[in-house]
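*Asks:* One-letter residues, chain by chain:
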Amino acid sequence: MLKRLSLALALGLALSAGASAQDRSIVVASTTSTQDSGLFNHLLPLFKAKSGIDVKVIAQGTGQALDTGRRGDADVVFVHAQPQEEKFVADGFGVKRFGVMYNDFVLIGPAADPAGVRGQKDIVAALVAIQQKAAPFVSRGDKSGTHSAELALWKTAGVDIAASKGTWYREIGQGMGAALNTAKAMGAYVLADRGTWISFKNKDGLVVAVEGDRKLFNQYGVILVSPQKHPSVKKDLGQAFVDYLVSAEGQAAIAAYKIEGQQLFFPNADPGQRS
Amino acid sequence: MLESASAFHLILSGDPTLFAIVRLSLAVSLSAVLLAALVGLPLGGLLALTRFPGRDAVVVLINAFMGLPPVVVGLTVFLLLSRSGPLGSFGLLFTPTAMVIAQAVLITPIIAALTRQTVEDLWSEYRDEMNAMGVGPAQRLATLLYDARFSLVTAMLAGFGRAAAEVGAVMIVGGNIEGFTRTMTTAIALETSKGDLPLAMGLGAILLTLILLINSAAWGVRAIGERQAG
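These protein sequences, in sequence, are chains A and B. Under my numbering, the first residue of the first sequence is numbered 1, with each subsequent residue one higher. Under my numbering, the first residue of the second sequence is numbered 1001, with each subsequent residue one higher.
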């Protein structure tokens, strides 16, 4: 029996080792918005066809993704919180930050619109109205890029959210999709990135309440993790992925990704920044 | 990526993504059970047969560890295997091997604790006879584990059930990478977060069916074995 056990065990481990033996692969720590929106499923096969490199994506919040990079557990980080990204590079964990694309945030809310903000163009006024009426609001509460953007917007609105949050303000500490599911179940408002919103499949009863404010701009950036800090980083393969994203070809591929005719991400890499 | 379709349709059409996920789930959880059994069966047996100071504390500790939270196990294994951790140079984080390790840690106490109880009960039946025959300690352990083998299958099934059902540990150490470390449970969590609740539910039904099939197979093997053993 023991013999059979160890044989099966060896088989099991060989199976897992076999899968990890491909070395033309990189690990990219990215955000739930790029994965949940389906962008990677569109982009990665194109990149693989061109380069032969497998990209393994770990979808986390921006804060966690940067931490994964800091620990050396990813080769590339692809996130959306510029100040945190710049700090990551300044602290020596990343080689260089490249802007890749943008989309925008939208304020999602229940169709019943208890705060009366639907159709408004001013996100700041809308947030103030939500706070004053204590209308339910779901916050990611997970240090993600969307969470950082939300906190910055409260600050701009002059609302000290740490002091004024009551039972109306719910921090759930989860990803974008989970936050939308929660907002739907509670009839609450929630700040979402447009990509996840468009591809989200459980929308019934939720509508876009506020969109189009310049303050809702959402920039994505990509950074190769520093091989000086972490020699295990696959420098050349990782750089190939970064170069592809900012290349004319990669930028066109990003622009071509549409769901139901709607473009989800708008490429805006600076042509001068290509290495 | 699993296209949005009913889980039933995915099975009927032999969706390769779905089958790869199922295969990985089974490979990881079964490997974890075998690894845990290699440690847990002898450990449980030894605890049943030996007496030493502090033994009660060890038994209580192992019993308590049956309730280890998967997310804590996942985080601990993550910190050990991370490039910045003590075992980082092996580059095991975000691989199926890391998932096997985490699940094995999770279920070793279950197998050890249930084995200890089973062997201890059997020992009280066999003790006088074995003492009279002057059977040595190693022989005792082997005999008791062998005679308890059908009950120990249940201990291993308990471990398998725990491994196949948990999401917290594999999510943290595996990273839910599509086509590489995505299992049934992490796929269900992902589809839920994408708001595709019907697909998530369907995957859940498939997972339950698989666990049922494996338990049925184990039950069948046990029935045949008991009949042959007379």
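No lab work stands behind these hints: they were computed from the structure. Don't take every hint at face value.
To be verified - Some but not every residue of chain B turned toward chain A, in silico, with C-beta under 8 Å: (1) P1053; (2) S1082; (3) R1083; (4) S1084; (5) F1090; (6) G1091; (7) L1093; (8) E1125; (9) R1127; (10) I1177; (11) F1180; (12) S1193; (13) E1226.
Just so it is clear, CB atoms sit at the ideal spot from N, CA and C, and this is done for glycine as well.
*Asks:* Hints first: check each against the structure and report whether it holds.
*Replies:* Hint-by-hint comparison with the structure:
| no. | hint | result |
| --- | --- | --- |
| 1 | P1053 | violated (31 Å) |
| 2 | S1082 | holds (5 Å) |
| 3 | R1083 | holds (3 Å) |
| 4 | S1084 | holds (4 Å) |
| 5 | F1090 | violated (10 Å) |
| 6 | G1091 | holds (6 Å) |
| 7 | L1093 | holds (5 Å) |
| 8 | E1125 | violated (22 Å) |
| 9 | R1127 | violated (24 Å) |
| 10 | I1177 | holds (4 Å) |
| 11 | F1180 | holds (6 Å) |
| 12 | S1193 | holds (3 Å) |
| 13 | E1226 | violated (15 Å) |
When the structure is compared with the earlier hints, violations turn up for hints 1, 5, 8, 9 and 13 and for no others.
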